[in-house]
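Q: Let chain A serve as the given structure and place chain B on it in line with the hints.
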Amino acid sequence: MNSPDPVASDKIRCDACPVLCYIAEGRAGACDRYANQGGQLVRLDPLTAIERGAPAVPFLECGWDGNPIASRPFLTAVGAGTTYPDYKPAPFIVSEEVEGVEMVTVVTEGIFSYCGVKVKIDTDRHIGPERALVRAGGEPVGHVTTTEYGSKMLSLGGVEHLTGGGKAEGRVTCETLLKLCNKEEVTLEVDEGAAMTIRAGTAPVIDGKPEALMRVGCGSAAIGMFAVQWAPHADEVIVVDDHITGVLSEHQAGRMLGLEPTGIRVKGRRSTPGRYFKVAEPGAGWGGTNVSDPLDILLPADKRKAKPGMTLFMVSTTGEDSAFFRLDEDLLPREEEIPPALVASAERVRENCEPALVSVLFMAGAGGSLRAGVTENPVGLTRSVRNALTQVTIGGAPAYLWPGGGITVMADVLETPENAFGYVPTPALVAPVEFTLRREDFVALGGHADRIRPVSEVLGGAKRVSAPVARDPRDRRNFRWGA
Amino acid sequence: MRERPQRAVFPDGRLGLRHGPIELVIGAEGPARAAALEAAERRFATILEELVAELPLLRQPPAALPEGPTARRMWAAARPHAARVFVTPMAAVAGAVAEEILAAMVASGPLVKAYVNDGGDIALHLEAGATYAAAIRGLDGSELGRFTIRPEDGIGGVATSGRGGRSLSLGIGESVTALAATAAAADAAATLLANAVDLPGHKAIRRVPARDLQPDSDLGDRPVTVEVGPITEAEADEALARGFAEAEWMRGAGLIRGALLHLRGRTRILSPDPSLADA
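Protein chains in written order, with the working numbering: chain A, 1 to 483; chain B, 1 to 279.
It should be emphasised that the hints constitute simulated quantities derived from the structure, not laboratory data. Don't take every hint at face value.
Below, computed lysine-lysine pairings styled on DSS-like, alpha-carbon distance capped at 30 angstroms [what the hints assert, rightly or not]:
| no. | chain 1 | residue 1 | chain 2 | residue 2 |
| --- | --- | --- | --- | --- |
| 1 | A | Lys179 | B | Lys203 |
| 2 | A | Lys11 | A | Lys179 |
| 3 | A | Lys179 | A | Lys118 |
| 4 | A | Lys303 | A | Lys209 |
| 5 | B | Lys113 | A | Lys167 |
| 6 | A | Lys209 | A | Lys120 |
Below, a sample of chain B positions facing chain A; criterion: calculated Cβ distance under 7 angstroms [as the list claims (entries may be wrong)]:
| no. | residue |
| --- | --- |
| 7 | Glu3 |
| 8 | Pro21 |
| 9 | Val52 |
| 10 | Glu54 |
| 11 | Leu213 |
| 12 | Asp216 |
Where is the CB? At the ideal position from N, CA and C, for every residue including glycine.
Pulled out of the complex, with its shape left as it was, chain A reads as follows (with noise of 0.2 angstroms):
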């Protein structure tokens, strides 16, 4: 690491060459390969030489500190360059034993057109509706797409936006791409939808409201969990969601209990015994609907069944909503105190709901023209990657592998180090990528066998080192060999 000598509080020094740029905050030096981030004398990734038509100068910066018992360092591709065109071996392939195998590691970064985030964002909120254009700056930059369970998803970048539409769009979705990537903070809008500002591993902010709790369940689920805990307190329980509403006395749960019908009534579709779907409009209300007053989801009282006098309690589905109400002789709901007993529970849907989140995962084939770099026969490696001989990284963050052709994978971009993804003007995505085998399954796919170096050789320069991930992607358990 270069000590940076501080001059001023927001001003380094750097003292990586002779010329001793002295260099704001946020800003690159001279050569655009060191910057300042935060104080902190940083190593960019060595890009501009790829568009420049010159191969990058292989350049380690990046250790990895793969394992936090041995602390044996996992080199990642992270400031690695790579090498243009593809033929020609990756920047680093590097070898050492690891518990009496010898381990290859190749190391390069790949230029990805292929490539997007999947945005889960945690709410249930509405953010607009499932195929909508999601937005930065106007361009469109992906869509949104299936809702999970308690989360909303979006599905941003790709060929499609990198590539096929116009000049700004490929330029916006790339910027995109690499501040969700490389953790930081991007303002999205959704057609006909919200504006969110999100970033991984934080809060969503949705049409300027901090996103707090994930739901517990939904209302029907809800009531599942807590009618035991509810059943005594109040004549019945209405748990507002807006995917399925809950009502007590009429559910399964309800019933089991011994729960009378209230006649209290709701509006929407019921799908079973006190389920309900659409009792309003998605939105930035109660459970995720429109509703700030809860009763307007309910329907007039049926006067068979209501009795003055029944209480009623209704809550979210992240308990941050309540109210307590009792019918009074015409059988219309007053709102009352909420008592006690019904205060706690609220506080207990809350506790029960975990922090809601922004998760970006970086997905991206690697099925093209970066297997050269390996192998003098490409698919060798995409099979060795199906026969779970080679392990495949992502900045050394365990990347999942899609089951089908070609090395299509997935990493939460948590798991990366600091700034470990860059950009082409082309415009594409630079992502470091490892791939890791014993070395006599590296031989024996047509791997570039003259050009391994021992790890120790190349871990002599400046380095960085990370936090440590779960498991170290040598890990024999990682092998199809090893199990």
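A: For chain B alone, kept in the frame of chain A given last:
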């Protein structure tokens, strides 16, 4: 820890040298090829330190003559422009480094063709019969122009400046290429032409003092462009016309041979010879 000068030989035989902000790709053909590449590497070993020694002077408008040979090339390239516009020898640093390395190579023995590419600023040496083909790509990778240089064209330098580079610019030129007798002259001209492609006072152009971005920039508190918002096609034409007029003046003064100016999908070419403009 200081980085030392780094060296790489690419599989196609070209030599790569890097030290600090200098990044060279070097090619040579002819009987003295090996000697020339060795000479390049030898000359490169100290060039950055030599420049750094005179950096304070090189960041001032050209007045007192600097000592070092590379610094003098920079000074000589900036000087003819200094009466008309603000310029320091730093405007020619990349071209001058390329030129200095090339000079060392040419002195080492007979070469048919040699070039030193310093991050897009290229110093060229061509003997009779040799040609150098260059392609200019925009920031998005699309090709803006392609030309072939012959010894009789009198072009020893090709330099490109603009918003895509890592230098700060006073203008909005996206990619401006200048062809000149030497690489340092081409570099200074390209820098100043990229400044000249501009729309002074336009609201969509965001500028900040150079020192806010690079505390030791030779541009001091002069406003440099950080963002160009929407501009109309007519405005783009107007900005290019300003740059083009400047290029015509430079050609008239004998400072450049030709230029190619690019902004927002439009290209204007100023050529001494129509055969250069086969874009």
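Q: Look at each hint and say if it fits the structure.
A: Now the hints, each set against the structure:
1. A/Lys179 / B/Lys203: Holds - the C-alpha atoms of B/Lys203 and A/Lys179 are around 27 angstroms apart, at most 30 angstroms.
2. A/Lys11 / A/Lys179: Distance ~23 angstroms between A/Lys11 and A/Lys179 Cα, so the pair holds.
3. A/Lys179 / A/Lys118: The hint holds at about 13 angstroms.
4. A/Lys303 / A/Lys209: violated (40 angstroms)
5. B/Lys113 / A/Lys167: violated (38 angstroms)
6. A/Lys209 / A/Lys120: This hinted pair holds, its Cα atoms lying about 17 angstroms apart.
7. Glu3: holds (5 angstroms)
8. Pro21: With a closest approach of 4 angstroms, the B/Pro21 hint holds.
9. Val52: holds (4 angstroms)
10. Glu54: Violated. Min distance 12 angstroms.
11. Leu213: Since the shortest Cβ distance to chain A is 6 angstroms, the answer is holds.
12. Asp216: holds (5 angstroms)
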